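Visitor: One letter stands for each residue in the lines below.
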Amino acid sequence: MELALTLPVVLLAALVVLQVLVVARDQVAVVHAAREATRAAALGGDPQHVRAAARRIVPGAQVHIDRTPGGPGSGRATVAVVVRHRRPVRIPLLAGLLPAVTLSARQVMAVER
Amino acid sequence: MTTGPGGTGRVGVGPRAARIERGSALLLVVVVLAVAAAGLAALGRTGAAAVTAARADAAADASAHAAAVVLGRGGEPAAACAEARDLAQANRARLVACRVVGDGVRVEVRLGAARRRGAAEVVAEAELAGR
Chain A
1 MELALTLPVV LLAALVVLQV LVVARDQVAV VHAAREATRA AALGGDPQHV RAAARRIVPG
61 AQVHIDRTPG GPGSGRATVA VVVRHRRPVR IPLLAGLLPA VTLSARQVMA VER
Chain B
114 MTTGPGGTGR VGVGPRAARI ERGSALLLVV VVLAVAAAGL AALGRTGAAA VTAARADAAA
174 DASAHAAAVV LGRGGEPAAA CAEARDLAQA NRARLVACRV VGDGVRVEVR LGAARRRGAA
234 EVVAEAELAG R
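So the protein lines, in turn, are chains A and B. If you're matching positions, the first sequence starts at 1 in the numbering used here and goes up one per residue. If you're matching positions, the second sequence starts at 114 in the numbering used here and goes up one per residue.
No wet-lab data here; the hints were simulated from the structure. All values reported here derive from a predicted model rather than from experimental measurement. Glycine is no exception: its CB is placed at the ideal position from the N, C-alpha and C atoms. It cannot be assumed that every hint is accurate.
Pulled from the structure, derived: some chain A residues nowhere near chain B, Cβ distances all over 12 Å [claimed, not checked]:
| id | residue |
| --- | --- |
| 1 | Gln62 |
| 2 | Ala77 |
| 3 | Met109 |
Some chain A residues close to chain B (C-beta under 8 Å, calculated; not the full set) [what the hints assert, rightly or not]:
| id | residue |
| --- | --- |
| 4 | Ala13 |
| 5 | Val16 |
| 6 | Val17 |
| 7 | Ser104 |
| 8 | Gln107 |
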């Protein structure tokens, strides 16, 4: 009797724990994707190449590239890349209970070329 | 566990036994929920620490790279470290150490509880092409 009452709670708790792990793993991947994309942009890569660098790590990610040109006296030229990834909950039972999570990361680097 | 009314020797029968069983089930659910909540909190902290470490790694990398870009353009070590500091800040981190040795630069940044090191060196275009 007790087991029958407790099992759904245990199952739900385990699934929530699993979902937290999945989100943390995906967020680290998004940070890594932003890093790789920014590196590609800093080396002078075209937007298509920069997006490809991010999507190799996070397929389907949205990539926004923002270049700040450094003029004479205004200092360095930098590039900022923002990677966004909308991750729907795919874990059974939780999919209908929890909303999709949007993960994002921003990285800034000095332009090399 | 209890005996039924009238002391028949049967175990777990009668209204009192049912009340006790209901009480222990509730206790079990509460314990499971408490353990799950504690586990979730610990997991949340671990996940957040992993994300912060990854961001700090990226900030250290960008910071060292920025300093190397300045050195590569003939800048002074002080200017290189100032650039490293600015890029660390742009990546929401704080530069805690910066050392220029020859054509290389080593930095250390702090982001939240994470401290990460980054290094970069200036490599000539011709040398890069030969690699």
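Visitor: Would you mind marking each hint as holding or not holding in the structure?
Guide: Comparing the hints with the structure gives:
1. Gln62: 18 Å, holds
2. Ala77: 9 Å, violated
3. Met109: The assertion about A:Met109 is violated, with a minimum of 5 Å to chain B.
4. Ala13: Cβ of A:Ala13 sits 3 Å from chain B, so the hint holds.
5. Val16: 7 Å, holds
6. Val17: Holds: closest Cβ of chain B sits about 6 Å from A:Val17, inside 8 Å.
7. Ser104: Not OK, violated: A:Ser104 not within 8 Å of chain B, min 12 Å.
8. Gln107: 5 Å, holds
Violation of the numbered hints given earlier is confined to hints 2, 3, 7; the remaining hints are satisfied by the structure.
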